[in-house]
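Following the hints, complete the assembly by docking chain H onto the known chain U.
So the protein lines, in turn, are chains U and H. Residues 1 to 421, numbered by the numbering used here, are exactly what the first sequence covers, in order. Residues 1001 to 1271, numbered by the numbering used here, are exactly what the second sequence covers, in order.
Each statement offered as a hint is correct.
Chain U is nowhere near these chain H residues, computed Cβ spacing over 10 angstroms in every case:
1) 1015
2) 1030
3) 1064
4) 1071
5) 1147
6) 1169
7) 1198
8) 1200
9) 1211
10) 1228
11) 1232
12) 1248
13) 1261
14) 1267
Here are the simulated distance ranges between beta carbons:
15) 1063(H) <-> 391(U): 48 to 58 angstroms
16) 1251(H) <-> 66(U): 56 to 66 angstroms
17) 1170(H) <-> 365(U): 58 to 68 angstroms
18) 1063(H) <-> 66(U): 38 to 48 angstroms
19) 1092(H) <-> 168(U): 44 to 54 angstroms
20) 288(U) <-> 1208(H): 52 to 62 angstroms
21) 208(U) <-> 1146(H): 38 to 48 angstroms
22) 288(U) <-> 1113(H): 30 to 40 angstroms
23) 288(U) <-> 1189(H): 47 to 57 angstroms
24) 1196(H) <-> 348(U): 50 to 60 angstroms
25) 1189(H) <-> 409(U): 42 to 52 angstroms
26) 208(U) <-> 1204(H): 20 to 30 angstroms
Hints in this document: simulated from the structure, not taken from any laboratory. Backbone N, C-alpha and C fix where the C-beta goes; we use that ideal spot for every residue, glycine too.
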Amino acid sequence: MIHRAEHVPPADTFAAAESPCAGQDQPYGQPDARGHFGVFGGRFVPETLMPALIELAQAYDEARQDPAFVRTYEKLLHEYVGRPTPLTLAQRLSDRYGFPIYLKREDLCHTGAHKINNALGQVLLARRLGKRKVIAETGAGQHGVATATAAALLGLECDVYMGEEDMARQRLNVFRMRLLGARVIPVSSGTRTLKDATNEAIRQWVSHVRETHYVIGSVVGPEPYPRMVRDFQSVIGREARQQILAATGRLPAVCLACVGGGSNSMGLFYPFLNDPQVQLIGVEAAGHGLESGQHAASLSGGTPGVLHGAYTFLLQTPEGQVQPAYSISAGLDYPGVGPEHAYLRERGRARYVSVTDEEALAATQELCRLEGILPALESAHALAYLPQLARRAQPPTGSVIVNLSGRGDKDVDTLMARLSS
Amino acid sequence: MSTRVQQLFGRLRAEQEKALIGYLPVGDPDLDGSYHRCRAALEAGLDALELGVPYSDPLADGPVIQAAGSRALAAGFRLDWLWLQVERLRRDFPGPPLAVMTYINPVIQYGPESFVRHLAQAGADALIVPDLPGEESAELEAICRRYEVARIPFVAPTTPPERMRQILSQAEGFVYCVSVTGVTGQRQAEEWAAQAASVRHLVHSVRQAAAGLPVCLGFGIASGADVQRLAAEADGVIVGSALIMAAQEGRLPPLVAELKQATLPESRWKG
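Extracted from the complex, chain U is given alone in its bound form (with noise of 0.2 angstroms):
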């Protein structure tokens, strides 16, 4: 249960080949067959659940080695998504910093942001479960607008949980699952935010198990999650390593990616694992400032523990009641973080840092001006962190990818509310 140590791999790991097909890349025998990344991942959760855990686990490795189910997920990426999304080089931007920055346009993505490539994956395998129906948390309503997306076009039912204080300020995504046919189920209890939504998802779940499948939007929960998550969300990275090479010949310096559950990031960044040369950058949300106690960054202010089905890093007390997160967006609002990179830290693969509220919003001030995009807030601290980068003793020496995970669009209303003022 907390001492694991026999899992953990030894140091060369990370040395291991990969192939191209989605889903059939192992870079490095992480997690163990019953889902542990070193000493975190596992399933905690109650026995209602288990065996249906065990059945997905299982029908996901069968769909992943099945060429049809591959060829589907690809041609909707490719014909529906509209894969692969661009690698721009930011030029005005490069300039600024004084290295080359290429964005991974995932904004780019048909519902507008990489939450998509997880959902198509995960509602297709869901109607290769023969379930009826999906459900789906949702914290700053990507993941809810995806799932809703995926479960129109594939014909499923499609329940979204939703706290009520997200409800409040992303209505935009509200309104766009419910045009999508999705329902949309305030959540009123504890933080009224992502990390009661994946509560009551999960409640909702253990009393429609046999007929429902439970869409999680994140690399984070109990096994297979964490690993199934990341192998749909890995064609970014995928795509972001061969379009470098096209345009550089050459790996990048860091890839840049922001971190709330942590989906964006692990697929960019697991394509890489086995490029020792690239840094591999997350960045938290330091919400008002980590020292403030006001923030959403596990990794860098949390402590090791159990969230939502996972050992992994989480905010909480010295006796285990978990703590509310914050920050201005509400896509990394939320107090935990996937397992694996609670292991890439541990490991020292993966480095972890945080940006503020104040200064992921000059970062989107800043694209929206120097490169005519205007990002989502969550993929604005990503960007937030380029002054940093700059001006660290060694600045990069190669090119910098940042994964631009989303949109902005979604977050006009809270724009207009903190810049007009």
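For chain H alone, kept in the frame of chain U given last:
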């Protein structure tokens, strides 16, 4: 392994009764208030008590236990309160088994060994952790064995037969049989009517796999009628949300009395 648990079920079997196990969270409405509720419930006829550790993210619980946990946390619940409550109840009620129900995260943060040692020293007989399946429980089970605290296993309606055998092969104390897929809290009469047959079937298969271990049924049981309808095959029932609601409405002792009567053979009913 707890002798109190064995003695209780031994005695009840001889008398053709079923065990009435009540769940109440520590610290709701406050430390003293929750002690007095426990006391009242034991005096009104509970055979065993399950003390709940309030938690910020109670995944397996419905709205009533969620709200009770929030009240206790708002009242300032700390784990000190748990040890105090167990100690005090053990002193005042030497006979009935006392179990503690907690989600795993507080145990991990406190340190599993310290947690179980405190429980054992305070006089608890059993530990119930709803979000710790067998796959993750080896360490805690070893600690519990060392301190002679029974680690109560769960089986659910979704548990397949082979898995059930695995879970029960190591089990101690009694089996916590989850009556329905879902969270804790009262069910509508129609839902029970639709499920009663499958619940009885579930208890029957658990009993066959449990090799003599008592089987207790929990989740959604709220009234004497529920007990009679569902518990025919079980050795006991666990009632939580309904007790909390009754306590808030000042009718905890009469509900306990009603539930207890339903666990007796009909020949011993009063009135």
